[in-house]
Amino acid sequence: MGLREANQRFSAAIKAVRSGRSILLTDRGRPVAVLNPVDDARGPDDGRTRLELAGMLRRATREGRMPACRAVRLRGHPFGETLRAERHRR
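Per the numbering used here, the sequence shown starts with residue -4, numbered consecutively.
The set of hints was computed from the structure by calculation and includes no laboratory data. The beta-carbon is built from N, C-alpha and C at its ideal position, and this holds for glycine as well. If a hint is listed, it holds; no wrong ones were tucked in.
Quick list of the computed label-pair ranges, beta carbon to beta carbon:
| # | residue 1 | residue 2 | range |
| --- | --- | --- | --- |
| 1 | 55 | 29 | 29 to 37 Å |
| 2 | 5 | 46 | 26 to 34 Å |
| 3 | 29 | 76 | 45 to 53 Å |
| 4 | 24 | 56 | 49 to 57 Å |
Between the sequences and the hints, there should be enough to build the whole structure, so can you do that?
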């Protein structure tokens, strides 16, 4: 299905996907995307598992809330002053 047709018939495309069909979207005849139905068998954990396997997420080692962060005082000039000076230099 071309992008223009998909735009004009979006509701029909979604209806087809809901019924289990996959729809290939094309731009000037070139494939650019696929609309697939969501697999209800996948749990809410599936996305997190994918991110974890990709090394983009690390699971918590303990249950519960994270401890509150404490502000750390750094040496040097305040960031706002440094930023203003850099902007003024340009």
